[in-house]
Every structure is written in structure tokens, then in C-alpha cells.
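Peer 1: One-letter residues, chain by chain:
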Amino acid sequence: MSMDSMLEMFIFENMQLTERLEEILIEGEQLGGLTGEHINEIFRVMHTIKGSAAMMEYTHISTLAHSVEDMFFYIREHGDASPDWPVIADLCLESADFFKAEVAKIQSGLPSDGDEGSLLTRIRAYMKVLTAPPGDDAGAEAPVAAVPETPETKAADGPSDAPPATAGNRYRVHVFFQDGCKMENIRAYQIANALQDVSGHIETVPEDLLEDCSDYIIANGAVLFVETELPIDDIRGVVSTALFVQSFEVTQESSNAAAPEGEPADVPAAPEAAQKPPAAAEEKPPPAPAAPTGAEAAPPPAEHKAPAAGVPAKPAAAPVVEAKQNFISVNVNKLDRLMDLVGELVISVSMVVSSPDLEGLQLDNFEKAAALLTKNTGELQDVIMSVRMIPVSSTFHKMHRIIRDLSRKLGKEVELTILGEETEVDKNIIDNLSDPLMHIIRNSMDHGIEDAREDRIAAGKPPMGRIVLEARNSGSDVIISCADDGRGLDRDKIFAKAQRQGLIAKPDWDYTDKEIYNFIMLPGFSTNEQFTELSGRGVGMDVVKKNIEKVGGNVLLDSVPGKGMTVTIRIPLTLAILAGIEIQVGRNFYIVPTLNIREAFKPRGKDIVIDPDGNEMILFRGECYAIVRLHRLFQVQTDVARFEDGIIIMVEDEGHMVGLFADTLVGEQQIVVKPIPSFILRRIGKIRGVSGCTILGDGSISLIIDVKALTQAQ
Amino acid sequence: MDQDNLTLINEEDGTRGRYLTFAVGDEDYGVEIAYVTEIINVQTITELPELPPYIRGIINLRGKIVPVMDVRIRFNKEPEEYTDRTCIIVVDIGDAGIGLIVDLVREVLEISAEQIVPPSESKSSGGNRYISGIAKTGEDIKLLIDIERLVSDEMTLVME
Chain X
40 MSMDSMLEMF IFENMQLTER LEEILIEGEQ LGGLTGEHIN EIFRVMHTIK
90 GSAAMMEYTH ISTLAHSVED MFFYIREHGD ASPDWPVIAD LCLESADFFK
140 AEVAKIQSGL PSDGDEGSLL TRIRAYMKVL TAPPGDDAGA EAPVAAVPET
190 PETKAADGPS DAPPATAGNR YRVHVFFQDG CKMENIRAYQ IANALQDVSG
240 HIETVPEDLL EDCSDYIIAN GAVLFVETEL PIDDIRGVVS TALFVQSFEV
290 TQESSNAAAP EGEPADVPAA PEAAQKPPAA AEEKPPPAPA APTGAEAAPP
340 PAEHKAPAAG VPAKPAAAPV VEAKQNFISV NVNKLDRLMD LVGELVISVS
390 MVVSSPDLEG LQLDNFEKAA ALLTKNTGEL QDVIMSVRMI PVSSTFHKMH
440 RIIRDLSRKL GKEVELTILG EETEVDKNII DNLSDPLMHI IRNSMDHGIE
490 DAREDRIAAG KPPMGRIVLE ARNSGSDVII SCADDGRGLD RDKIFAKAQR
540 QGLIAKPDWD YTDKEIYNFI MLPGFSTNEQ FTELSGRGVG MDVVKKNIEK
590 VGGNVLLDSV PGKGMTVTIR IPLTLAILAG IEIQVGRNFY IVPTLNIREA
640 FKPRGKDIVI DPDGNEMILF RGECYAIVRL HRLFQVQTDV ARFEDGIIIM
690 VEDEGHMVGL FADTLVGEQQ IVVKPIPSFI LRRIGKIRGV SGCTILGDGS
740 ISLIIDVKAL TQAQ
Chain D
7 MDQDNLTLIN EEDGTRGRYL TFAVGDEDYG VEIAYVTEII NVQTITELPE
57 LPPYIRGIIN LRGKIVPVMD VRIRFNKEPE EYTDRTCIIV VDIGDAGIGL
107 IVDLVREVLE ISAEQIVPPS ESKSSGGNRY ISGIAKTGED IKLLIDIERL
157 VSDEMTLVME
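Protein chains in written order, with the numbering used here: chain X, 40 to 753; chain D, 7 to 166.
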């Protein structure tokens with residue numbers, strides 16, 4: 040694994056973990072406190088972040104993660120401590136922000152130099168509050184003695200504080216690494232770290248793996264002594280999943296045959312017994328917090344609940360198999376390549392099946408086989424497409440965080456409802472969705488939702504603001520809408536402002552409300568400071584529009600004054616495949632995206648209007664639209680010059696319509712969009728009226744008509 | 007610049023010094039074999055609007071879209087109908103593949119540095135500035151094309 044891919048993995052993993060952390064915290068906040076399972080998960084997340092950051096030598100991240108981990112360790116071990124959840128949530132979310140900022144720096148090649156100091160101080164300060172002996176309600180079994188030890192407990196290389204006597208089995212793990220894998224000591228350290236998760240106590244030979252002892256390990260292998268209740272197979276499992284392991288051997292050194300129930304007998308005193316659970320609790324499936332005592336403890340999940348207060352949680356002798364994530368992460372480039380190849384395959388298939396050599400031949404068996412081949416490749420293509428599709432849920436759930444932060448900042452209570460989060464969209468599109476959504480939500484929170492509860496109550500609305508984020512499929516598009524129940528847009532003010540900016544070309548009554556609302560998405564519309572009430576209402580809305588258009592979508596605003604506003608985003612499911620109508624001009628073929636076509640017809644002479652300047656126009660549904668003669672635009676020789684001999688295709692983009700004049704319609708095609716070679720684009724910039732090209736079934740190339748450019752040029 | 011190119015050619019290493027020769031009009035040209043990825047017959051060319059006439063359009067090279075340049079028109083010669091002997095030499099320059107349409111592909115020749123003389127400086131117009139050297143092979147003269155320049159100089163030429 041090269042440094043690059045390690046770094047990539049680190050970034051990817053960290054982003055996922057941070058996201059998960061936020062999700063848990065927000066979930067916990069909605070429940071009014073974290074459950075035992077949450078605590079365990081946060082603990083694991085922090086542990087992993089700490090480990091990987093330490094390995095990559097990002098000390099700022101690892102230090103902070105370590106201290107959060109300590110905090111959760113304490114909370115987990117002391118179910119009776121009554122943590123102040125909002126404080127913890129704040130600390131954790133800020134830590135998450137810190138991780139995100141650092142990872143962003145690392146990603147863009149900058150050094151990770153954030154200052155975790157102040158957060159660290161606050162976490163430590165809170166730890167002090169937390170660990171201060173609880174007042175009167177300290178239960179008899181509260182293991183106060185264990186408190187000072189907690190911060191050290193998780194340090195992988197630190198001395199063990201779990202008494203070895205309590206361990207069930209002692210295993211000797213002897214590991215050899217692959218030749219030339221480098222940093223053998225770090226690899227061994229990673230294994231030790233992983234084993235630490237399932238066992239309380241680890242000894243290693245060489246003793247300090249963080250020292251440079253690679254040579255020793257190369258020669259002799261690394262030996263780890265593990266004490267745990269887990270069966271030997273679990274240890275094997277952990278070691279075998281480690282990276283670069285050439286071979287390993289796990290042997291049982293000594294067995295403490297005591298059955299789990301018998302253990303407390305071996306343990307002299309309660310404080311020590313209370314230390315027992317860490318080992319058990321650290322195995323992957325999250326069991327209950329160790330000491331379920333007081334009523335004030337976060338309620339542990341029922342199925343894990345220890346039988347009785349005061350008795351240490353029963354060590355899970357049988358490993359509970361963690362619900363394995365059935366996911367693998369794949370480099371998107373590989374998927375792109377795969378997708379391209381399948382596109383080629385589909386084309387090659389149709390080249391074979393409709394080969395001109397076969398014309399007029401009676402080939403029953405061939406036909407059958409060809410039909411099967413076509414069907415299978417079609418299915419293959421569908422599957423590959425679906426591989427790239429991911430649900431919008433993670434993007435949607437990020438919005439919880441935005442809402443939470445803004446609610447606090449603005450002092451408005453807002454509830455976010457998410458609908459249709461399972462809707463799937465192409466990965467490329469998802470990546471471009473998060474920012475615009477964030478903008479939209481911010482806008483709604485800031486300007487849509489009324490400032491005061493009283494205003495809402497007076498308007499007959501529930502005191503809590505409501506934002507509904509919804510995704511749904513509609514044909515080959517996905518529609519994402521974000522509706523708030525706030526004040527809505529002020530048509531008159533927007534109109535007045537548009538007028539001042541010289542955007543109004545028609546009289547007031549000629550504009551629909553929607554048209555007017557959509558003015559706020561024009562660049563610079565809202566930057567005017569004079570408009571206090573509206574100011575910022577459109578901040579970023581032009582950016583939203585731009586971002587969405589970049590992925591081939593569009594944005595529409597609608598609003599009912601006093602009732603709220605809805606932003607509707609329509610985006611294609613995927614960028615790679617497009618439904619288009621093939622048209623012919625001269626001997627060239629072009630594709631018009633089906634999405635843009637309103638109608639195609641043979642024009643009658645009386646529908647054609649030519650103005651004194653010679654501009655040709657077509658009457659369509661009572662209105663006049665410009666005609667674009669494609670043969671002229673693309674400088675193509677054709678015999679079809681009279682409108683009556685050809686065909687007019689009415690295309691629309693964002694309300695602008697033109698008629699394209701072509702020779703004939705050929706048929707509908709599903710096409711794989713390919714860019715025009717950069718060699719050509721570098722030379723002439725953008726080709727007017729062409730947005731890309733595609734290879735058709737017969738191997739010929741067809742140009743895709745850029746309807747947007749053509750309609751806007753008119 | 008030409009001097010630089012010559013010194014480069016003088017440092018003989020493997021493929022340097024091997025040229026694919028082809029004919030355009032009455033002249034024979036050579037292009038360093040290292041750039042050539044394949045030679046194909048002329049196939050259907052899709053025209054693109056707004057391009058200079060010598061960029062004939064794009065072709066589908068096994069799923070890859072490759073622009074093609076008519077060297078004949080590029081060197082200001084009269085365009086001619088394509089025949090069975092017309093070939094497209096696909097060259098790879100950096101990330102960009104481009105097809106050169108030539109009248110006829112001849113052979114791969116070993117040309118040593120001593121056989122190459124620099125082109126005359128005087129005629130810098132037309133196609134001449136894309137000639138990095140003139141090679142004498144027996145009776146024949148081959149004009150060696152500076153392919154990178156031919157392709158990358160495109161921009162300026164369109165501007166002119």
C-alpha cells in the first residue's frame with residue numbers, strides 16, 4: 040500500500056467516522072441522551088480515529104480523539120455518573136468539526152496544524168466535573184477507586200491496569216509480516232491495538248513497538264501475549280484481518296478455566312471487579328455499560344442488561360457476531376472505467392447484432408443468441424449503473440447538524456423531517472448536492488422561519504418551525520424538495536428590486552409569481568444591502584443554481600406568502616446515460632436530449648413567420664419562437680432547405696424555447712455521453728451548440744445538441 | 007529551438023532514430039516512431055463545426071473519440087479525395103491522441119543523426135516550421151516532422 044493510498048484511506052475513513060459521530064450525537068440529542076450503544080459506538084469511533092491518526096502522525100487529531108475517547112471511556116464504565124448530555128454533545132460536535140477541518144487540510148495537501156488546545160482544556164475540565172465523586176447518591180458499588188486510572192486505561196502501550204488474574208485465557212500470538220512491507224513495528228502496533236479492543240491486557244515482544252524495532256520483527260516476528268475470555272478463534276480472526284501479515288500462530292499459554300460466572304469469586308474486591316468489564320465491553324458488539332446501577336444511568340439496551348446491580352456484567356463468552364457491513368469501498372475511478380467499458384460493450388453488441396453483413400440472412404440460432412446477448416448486456420449495464428447509485432440519506436442527515444447549529448445560533452426551534460431518504464442518485468451528483476442543500480436550509484432557517492414563536496402562533500402555525508426535505512423519483516430524474524413553513528417570499532419586494540436592477544422587461548401582470556420568485560436566483564440579486572428584510576434571502580441562491588446546473592439539474596422556487604417556501608431541485612439520476620432523439624441533418628446525425636423536447640412536427644407554410652430582417656420564426660401554440668437551422672449552424676450540406684420538407688423540433692430549457700430545423704427524425708436512443716476530445720476544446724473553446732458526443736450502435740459518432748446554449752442565444 | 011531538437015536526436019536511445027515515413031503529395035515525411043500508436047484505414051469521420059479545415063473531425067477508435075487532422079491541408083496542399091491507400095496515423099502526445107491523415111504510409115526507417123541536417127531557417131512560414139530536420143536516405147529526402155509542435159502549435163495557427 041503506497042503512502043498515497045494509505046492517506047486516501049485515512050481521509051475516507053475519517054470522514055465516514057466523523058459523519059457517523061455526528062449522526063449518533065444528533066440521534067442522541069433527539070432522544071435526550073445517549074444510550075449505552077451510542078456511547079460504545081462513539082468510543083469505538085474515537086478509538087479508531089485516534090489509532091489511524093497516530094499512525095499517520097497527525098498528533099493534533101489523535102490527541103483530541105484520545106481525550107474524547109477517555110471521556111467516553113469514563114462514561115461507559117460509570118453508568119451511574121450523570122453526564123450532562125448537551126455539554127458532551129457540544130464538545131463532541133466541536134471535536135468533529137475539528138477533525139473535519141483537519142482532514143480537509145490534509146486532503147488539500149496542507150499540514151494538519153489545527154490547535155486542539157482549547158477544546159482539550161474544555162474536555163479535561165468537563166472530565167473533572169464528571170469524575171468528581173458524585174454527591175449523596177453515590178452507590179455503594181460505585182468504583183470510585185478506579186477513577187484516576189481511566190485516562191491511562193486505553194493507551195495501547197501503557198501499562199496494564201487490569202489485573203492479569205482476572206483474565207480468562209492467555210494466548211501467545213506470533214506474527215510474521217510480509218517481506219518488504221515496511222514499518223513492521225507499526226504493523227505490529229496496529230495488531231496490538233486491534234487486540235486491545237477485544238482484550239484488556241497485552242504484552243508484546245519487543246516491548247515497545249513504537250520504538251524502531253522493525254529489524255527485530257523482521258527476523259523474529261512479533262510476539263503478543265493477550266489475555267482475554269474470548270475463544271482462540273476470535274484472536275485469530277483479529278490477527279488474520281490485519282494488513283501485511285505473512286503468517287501467524289496463536290497458541291494458548293495458560294487457561295484460567297474459571298467459567299465466567301465463577302470469576303467474581305476470584306476477584307477480591309468490588310473495585311477490581313468493576314474493572315473486569317472493560318475487557319468484555321471492548322469486544323466489537325456493544326454490550327451494556329458496565330455498571331448498571333442507578334436510575335440516573337443511561338438506560339442500557341435491555342437485551343444486554345446485566346442481571347443484577349453490583350454484579351459485573353457477564354463477560355460474553357460466546358462472541359456476538361457484529362452485524363457486518365456488507366459494503367466495500369471502491370475507488371470511483373474504477374467504477375467510471377467499468378461504466379465506460381460496459382458502455383462500449385453495449386455498443387459493440389449492437390454493432391455485432393445489427394451488422395450489415397447479416398442483412399437478408401435467415402439465422403434463427405443467431406437471432407436467439409443475439410437476443411440473449413442483448414438482454415444480458417442490458418442487465419449488466421443496469422447493474423453497473425446501480426453500483427454507482429447511492430442513497431441520499433447520508434447527505435440528508437448531514438442537514439440535521441446544520442439545523443441544530445443554526446437553531447441554537449438563531450434561537451429558533453426548527454424540526455427537520457426527512458422523506459424518501461432511500462432515493463438513490465449517482466455518486467457524482469450526490470457529491471454536488473450537499474452544498475446547495477446546505478445553502479437552501481440556511482436560507483430557510485435564517486429568513487424563512489419567523490424570528491419569534493409569537494409570530495408563528497399569531498399566524499396560526501405550530502410554534503416550532505418545520506422544514507421538510509424530500510427526495511423522490513420522477514422518470515429518469517430525481518426531485519429533491521426542501522419546504523419550510525415560514526414567511527414565504529414577498530413578491531412585491533422582489534419585483535421592485537428586480538425593477539431597480541433593470542431585470543424587468545414586461546409589465547408586472549405579465550409575470551407569474553414563480554417567474555418573480557425565481558429572480559432571486561440570479562447572480563448578485565441579493566447582494567444589495569438596502570433590502571434589510573430581504574437581504575440575504577438570496578445569498579447563495581445563485582450559487583445553488585449554478586451547482587445544480589453543473590450536474591445537469593435545475594432549481595425552481597415557489598412560495599405561498601405567509602405559508603412558506605419550497606425549493607425544488609430536479610436532477611438527472613445519472614450523468615452518464617442520456618435519453619435522446621436522434622435526428623439527421625445532411626449526412627450527419629445529432630442527438631437532442633429527450634428531456635428538452637416539447638414537440639416535433641412537420642411545419643405548415645402558414646406557421647412560418649419571417650420578419651423584415653429575415654429572421655425565421657415558427658408559430659407554436661400561439662406564440663412565436665425563433666428557428667435554428669441546424670444545417671446552417673453546423674455548416675452541413677443538405678438538400679432539405681425548405682421548412683415543409685424537414686422537421687421542426689421544439690426544444691425548451693428553463694422556459695426558453697426555440698425550434699430546431701432538421702432533415703428527419705431517426706429515433707430514440709439511450710446514449711453514453713462522451714466529452715469532445717480536449718485537443719479540440721483547447722483549440723476552439725466550446726463548440727457552439729454542441730455539448731458532447733456519443734458513439735451510436737453502428738459505431739458512428741453523433742453530436743449531442745446543447746439545447747441550453749441554443750435557447751439562450753436566442 | 008531547432009538546435010535543441012537536433013541534440014536530442016543525437017542522443018541515440020532505442021526508438022530514437024527510428025521513423026515512420028509517409029507520403030503527402032510529392033514529399034515524404036517522417037515521424038518518430040515513439041509517438042505512433044497505430045495506423046488505421048480512413049473511416050467515417052464526423053465533422054465538427056467551427057474547426058479549421060485541416061481538422062477534419064472526430065473518429066471512433068474502438069470507443070475512444072479521436073480528432074483527425076488532414077496533413078495535406080495542414081501543409082497547405084490541395085485537398086484530395088481519400089483512397090484505399092489513405093491512412094490515419096494515430097499519434098499519442100501527452101494525454102491527447104490525434105490521427106494524422108496521410109496519403110500513403112511507407113515504412114519504418116532507421117535514420118542516424120549524421121543523415122539529418124537542420125532545415126533552412128529562411129522559410130519559417132507554412133508547414134516548414136514543423137520540420138525538425140531533413141534526412142537524406144540514399145536518393146530520397148525525408149522531412150522529419152516535429153510532431154509535438156505540429157499539434158501544440160495549433161492554437162496560434164487558429165488565431166492567425
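A hint or two may mislead.
Stated by the list, open to error - In silico EDC-like links for lysine to aspartate or glutamate, alpha-carbon gap of 20 Å or less: (1) K70(D) <-> E554(X); (2) K83(D) <-> D98(D); (3) K70(D) <-> D375(X); (4) K713(X) <-> E53(D); (5) K70(D) <-> D692(X); (6) K144(X) <-> E52(X); (7) K747(X) <-> E56(D); (8) K585(X) <-> D549(X); (9) K725(X) <-> E120(D); (10) K70(D) <-> E52(X); (11) K725(X) <-> E53(D).
Don't read these hints as lab results, they were simulated from the structure.
Only a predicted model underlies this, so the values are computations on that prediction, with no experimental measurement involved.
Peer 1: Confirm or reject each hint.
Peer 2: Here is how each hint holds up against the structure:
| no. | hint | in the structure |
| --- | --- | --- |
| 1 | K70(D) <-> E554(X) | 43 Å, violated |
| 2 | K83(D) <-> D98(D) | 24 Å, violated |
| 3 | K70(D) <-> D375(X) | 14 Å, holds |
| 4 | K713(X) <-> E53(D) | 16 Å, holds |
| 5 | K70(D) <-> D692(X) | 30 Å, violated |
| 6 | K144(X) <-> E52(X) | 15 Å, holds |
| 7 | K747(X) <-> E56(D) | 19 Å, holds |
| 8 | K585(X) <-> D549(X) | 26 Å, violated |
| 9 | K725(X) <-> E120(D) | 45 Å, violated |
| 10 | K70(D) <-> E52(X) | 35 Å, violated |
| 11 | K725(X) <-> E53(D) | 15 Å, holds |
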